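Based on the provided sequences and hints, a complete structural model is requested.
Chains as they are written, first to last, in the working numbering: chain P, 1 to 254; chain Z, 1 to 356.
Because the hints were derived from the structure by calculation, they are not lab data. Being a predicted model, the structure only gives us computed values, none of them experimental. The reader is advised that the hints may include incorrect statements.
Claimed, not checked - If we take Cβ atoms under 8 Å as the criterion, some of the chain P residues that face chain Z in the derived model are: (1) L51; (2) A75; (3) T88; (4) L91; (5) L105.
To be verified - Beyond 10 Å from chain P on every Cβ pair, some chain Z residues (computed): (6) F18; (7) W19; (8) L25; (9) I130; (10) V149; (11) K192; (12) A194; (13) R214; (14) V218; (15) R260; (16) G261; (17) S338; (18) L347.
Even for Gly, the Cβ is constructed at its ideal location relative to N, Cα and C.
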Amino acid sequence: MRLTAEHLDWTVQSKKLLDNVSLTVEPGQNYGLVGPNGSGKTTLLKLLAGLRKPRTGQVLLDGQPISRMRQRDIAQTLALVEQQAETTDRLNVRQAVGLGRTPFLSPLRPWSEQDDIIVARALNDVDMAHMADRLWHTLSGGERQRVHIARALAQQPNILLLDEPTNHLDIHHQLSILQLVRQLPVTVVIALHDLNQAMACDRIGVMDHGHLVADGPPAEVLTTERLQTTFGVQADLIEDPLDGSHIMRFRNAI
Amino acid sequence: MSPLLAAGAFTRPILRWFWLTPLILVIALIAGTAIGETSIPIDIILKVLANKLWDAGYAVDPIDSGIVWSYRLSRAIVAASCGTGLALAGVVLQALLRNPLADPFLMGISAGASTGAVSVTVAGLGAGAITLSAGAFAGACLAFGLVVVLARAAGSGTGGGGRGIQTAGAIILAGIAGSQLFNALTAFIITKSANAEEARGIMFWLLGSLSGVRWEDVMLAVPAAVGGLLVCLWHMRALDAFTFGVDSASSMGVAVRPVRGILIGVMALVTAVMVSMVGAIGFVGLVIPHAMRFIVGSQHARLIPASALAGAVFLIGSDVLSRVLVPGQVLPIGVITSLIGAPAFALILIRGTGAR
Ligand SMILES: Nc1ncnc2c1ncn2[C@@H]1O[C@H](COP(=O)(O)OP(=O)(O)O)[C@@H](O)[C@H]1O
Ligand SMILES: [Mg+2]
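And the structure:
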């Protein structure tokens with residue numbers, strides 16, 4: 001499914017948090033969203049998910065304006081993993097993942113075996129099946145993050161939006177989550193902190209003070225000049241002797 | 001099938017226990033009818049019921065018959081309905097506002113409903129049950145709106161998960177302000193417009209009292225409680241979806257605004273109906289949902305039926321206590337629920353939001 005944003009503006013208390021942001025993510029593409037803290041990545045993802053209405057501009061799913069779709073229909077095709085979503089409720093991992101089935105259920109379409117199977121698969125995908133009965137408040141930050149991802153997977157989305165999903169994860173689970181996301185046959189928009197991880201995306205957008213200042217293939221976007229102007233770091237690109245890909249070596253902040 | 005699946009389907013385990021619900025309710029109603037200053041044997045209660053419902057024609061002492069049918073049974077049924085309605089209002093408010101301390105009484109909704117009901121009484125707009133409820137509903141909505149606006153201004157809004165006790169505190173502070181305001185308004189209206197005897201009656205009712213409950217009240221209380229229960233059950237998955245906050249609910253397909261509007265509107269109406277009959281009975285909406293979360297967990301498919309039942313049983317029990325605790329006197333039921341509820345409230349405060 002193709003996800004398009006056209007000229008998105010978003011203002012809070014006369015502070016412009018997004019300014020004329022346009023982007024297109026092709027079906028099946030992995031789109032990486034990078035940018036310094038507070039540059040507007042989370043805000044953009046919320047607009048893309050239809051949680052906020054843009055002041056001007058629109059978001060389109062396969063050409064259809066999201067503002068004219070019912071929330072339930074949106075949730076059947078698009079899932080969001082928020083950066084921070086916490087609860088003080090007593091619920092276990094399986095129940096938390098089961099919430100992802102909400103857009104498909106109703107009083108007339110109750111929980112079924114099919115839903116059990118989808119939840120079990122999602123738990124397997126994020127390597128949390130062995131913790132299915134653990135209570136939420138007993139989980140570590142990384143485990144909670146994986147549960148959130150499983151919940152989004154349980155929505156069986158065509159488009160998956162992830163807001164810094166590798167935060168709190170150990171390196172093993174960072175890589176396995178990224179691998180999983182890449183293998184999924186869905187369109188992905190993923191906000192990432194680690195620029196080297198972003199290099200593996202099909203396409204990258206760079207946010208800076210609410211503007212999308214660069215948008216294109218990783219090698220064209222993440223240049224040493226871009227790292228200086230947007231991220232304020234001096235870095236060199238060095239070549240991986242194994243596969244010839246580029247790795248960023250950060251020298252110092254400027 | 002993997003052991004993983006066998007362990008935890010979503011709704012099936014509750015079906016196994018569901019038949020217990022009406023059984024427990026009937027037992028509680030019979031116990032509430034049997035126990036009192038003069039206890040009445042169960043066989044007499046059953047005979048009276050048979051006489052009234054099917055004209056069975058058993059020979060029963062007319063005094064016993066009067067106590068059972070005209071006094072205690074209607075009282076027990078109204079108590080049960082109020083318990084169910086108030087407990088459900090607590091469940092819904094806590095889920096939607098993501099706030100463990102949300103409760104119709106603490107949030108000033110009951111106080112607003114009292115003001116509305118008293119205004120209608122004093123203004124002489126006809127003291128029918130429906131007009132009273134309508135006045136109470138208007139007051140309840142006004143109070144809820146005021147408290148939420150205040151809480152938003154004081155805290156950082158009621159949306160989002162994880163802001164925890166900070167927002168929880170804002171709601172309570174706003175609730176105190178709202179309650180004080182509406183209680184003062186009520187006192188003002190009473191002092192200004194009612195004579196001494198009326199005033200005494202109204203004050204007693206304000207504390208929460210089941211005296212004077214009649215079968216006409218049953219006809220209003222039961223539909224309100226059952227209607228509230230059905231609306232909650234219809235929306236149980238939406239309520240679950242708020243577990244991780246408003247945005248999360250929205251991203252899982254819940255139409256947040258309409259769902260919140262319907263649920264809060266219906267719960268304000270249920271609270272208003274109950275308050276207009278029996279006054280502001282405190283803490284039911286706080287204590288019952290918390291206790292039930294400990295027993296059945298926080299999934300609404302279980303929490304809603306469990307809280308509805310426990311609320312009913314709790315108020316039937318409180319009513320019995322209010323009648324037998326001081327010989328020759330009937331305490332306002334609100335005194336009993338507050339004596340139990342206030343310590344429980346303190347406990348929840350001390351344990352913080354982790355108690356959910
Ligand atoms: N509701 C809000 N009210 C005011 N400012 C906000 C709000 N949401 C986000 N911001 C501000 O908008 C900017 C962008 O935030 P965000 O999208 O979370 O950035 P990122 O995810 O890239 O770190 C930040 O400066 C943040 O403080
Ligand atoms: Mg962010």
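Beyond 10 Å from every Cβ of chain P: is that where the Cβ of A194 of chain Z lies? A194 of chain Z is indeed farther than 10 Å from all Cβ atoms of chain P, at 44 Å.
Non-interface claim for L25 of chain Z versus chain P (Cβ beyond 10 Å): 23 Å, holds
Minimum Cβ distance from V149 of chain Z to chain P greater than 10 Å, as the annotation requires: 18 Å, holds
Status of R214 of chain Z, Cβ more than 10 Å from any chain P Cβ: Answer for R214 of chain Z: holds, closest chain P Cβ roughly 35 Å.
Beyond 10 Å from every Cβ of chain P: is that where the Cβ of G261 of chain Z lies? It holds; G261 of chain Z is separated from chain P by about 14 Å at its closest Cβ, greater than 10 Å.
Over 10 Å to the closest beta carbon of chain P is the bar; see if V218 of chain Z clears it. 28 Å, holds
Quick one, is the L105 of chain P hint okay against chain Z at 8 Å, beta carbons? For L105 of chain P, the interface hint holds, since the closest Cβ of chain Z sits about 5 Å away, which is under 8 Å.
Let me know if the C-beta of A75 of chain P comes in closer than 8 Å to any C-beta of chain Z, holds or violated. A75 of chain P check passes; min Cβ-Cβ to chain Z is 3 Å, inside 8 Å.
Hint validity - L91 of chain P Cβ closer than 8 Å to any chain Z Cβ: 5 Å, holds
Is the shortest C-beta separation between L51 of chain P and chain Z less than 8 Å? 5 Å, holds
Please verify that the nearest CB of chain P lies beyond 10 Å from K192 of chain Z's CB. Given that every Cβ of chain P is farther than 10 Å from that of K192 of chain Z, nearest at about 43 Å, it holds.
Separation of L347 of chain Z from chain P, once the least beta-carbon distance is taken, above 10 Å: Its Cβ never comes within 10 Å of chain P, the nearest being 15 Å, so this holds.
In summary, the structure agrees with every hint in the numbered list given earlier.
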